[in-house]
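Using the sequences provided together with the hints, build the complete structure.
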Amino acid sequence: MSDLLLLGLIGGLTLLLLLTLLAFAGYSGLLAGVAVSAGSPPIRNVTVAYKFHMGPYGETGRLFTESCSISPKLRSIAVYYDNPHMVPPDKCRCAVGSILSEGEESPSPELIDLYQKFGFKVFSFPAPSHVVTATFPYTTILSIWLATRRVHPALDTYIKARKLCAYPRLGDLPGRPDPFHVPTGTAGRLLCA
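For what it's worth, our numbering labels the leading residue of the sequence shown as 1, then goes sequentially.
I should point out that these hints are in silico values taken from the structure, not numbers from a laboratory.
Just so you know, not all the hints are guaranteed correct.
Cut-off 20 Å, straight-line C-alpha distance, at most; resulting in silico cross-link-like pairs (DMTMM-like, lysine to aspartate or glutamate) [claimed, not checked]:
#1 Lys-160 x Glu-59
#2 Lys-73 x Glu-102
#3 Lys-73 x Asp-172
#4 Lys-121 x Glu-105
#5 Lys-163 x Asp-82
#6 Lys-51 x Asp-90
#7 Lys-121 x Glu-66
#8 Lys-51 x Glu-110
#9 Lys-121 x Asp-156
Quick caveat: nothing in here was measured; it's all calculated off a predicted structure.
This is how it looks when you write it as structure tokens:
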């Protein structure tokens, strides 16, 4: 009888573990749809401190970590200039950093000096008139992995179907329900290097 009880306990714990993993994956966005729309930008003029990266986008984690370690309360942002499906991974360009200010407010000189001390450059992005926005849950580390496989193809489909000129891609991480933005018709004003 004790063997049967032990097997039942092991089976119950295994089932509980599987249900927990499934709930975590669902919370991370596994079952969520990607909503893509066009309209006014959710963020206006932003000033960012950034470092430029050339290479596979998967290698930018250290830049996010470095940026967050300087000022953990600021939101991170990435500007992806190339489509990794069309450009070799070692040629993909992006800028990764922190949002220092948004809208009409100016960043503090002390904050700018702090980031520049660590080798970050500062750039102010103008407000685009229209953006394509993708909404996807950004709740866990797994959400990042899911987003790279689901959000970007959904953005590609939307942009191609409407024949839009939308470039570059901005990832505003985290803090917003719609962390992925692609400005339309303003690409030249959003280049920083």
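Holds or violated: Lys-121 to Glu-105, with C-alpha atoms at most 20 Å apart: holds (19 Å)
Agreement of Lys-73 and Glu-102 with the hint, judged by alpha carbon distance not exceeding 20 Å: holds (14 Å)
Restraint status (C-alpha distance of Lys-121 to Asp-156 at most 20 Å): Violated, because 30 Å separates the two Cα atoms, which is more than 20 Å.
Proposed proximity, Glu-66 with Lys-121 (alpha carbon, max 20 Å): Holds, at about 13 Å.
Hint consistency between Lys-51 and Asp-90 [alpha-carbon to alpha-carbon, up to 20 Å]: holds (17 Å)
Hint consistency between Lys-51 and Glu-110 [alpha-carbon to alpha-carbon, up to 20 Å]: At roughly 18 Å apart (the allowed maximum being 20 Å), Glu-110 and Lys-51 satisfy the hint.
Restraint check for Lys-73 with Asp-172, where alpha carbons must lie at most 20 Å apart: holds (14 Å)
Restraint check for Lys-160 with Glu-59, where alpha carbons must lie at most 20 Å apart: violated (28 Å)
Lys-163 paired with Asp-82 [C-alpha distance capped at 20 Å]: Satisfied, since the Cα-Cα distance of roughly 18 Å is no more than 20 Å.
Violated hints, listed in ascending order, are 1 and 9; each of the other numbered hints is respected by the structure.
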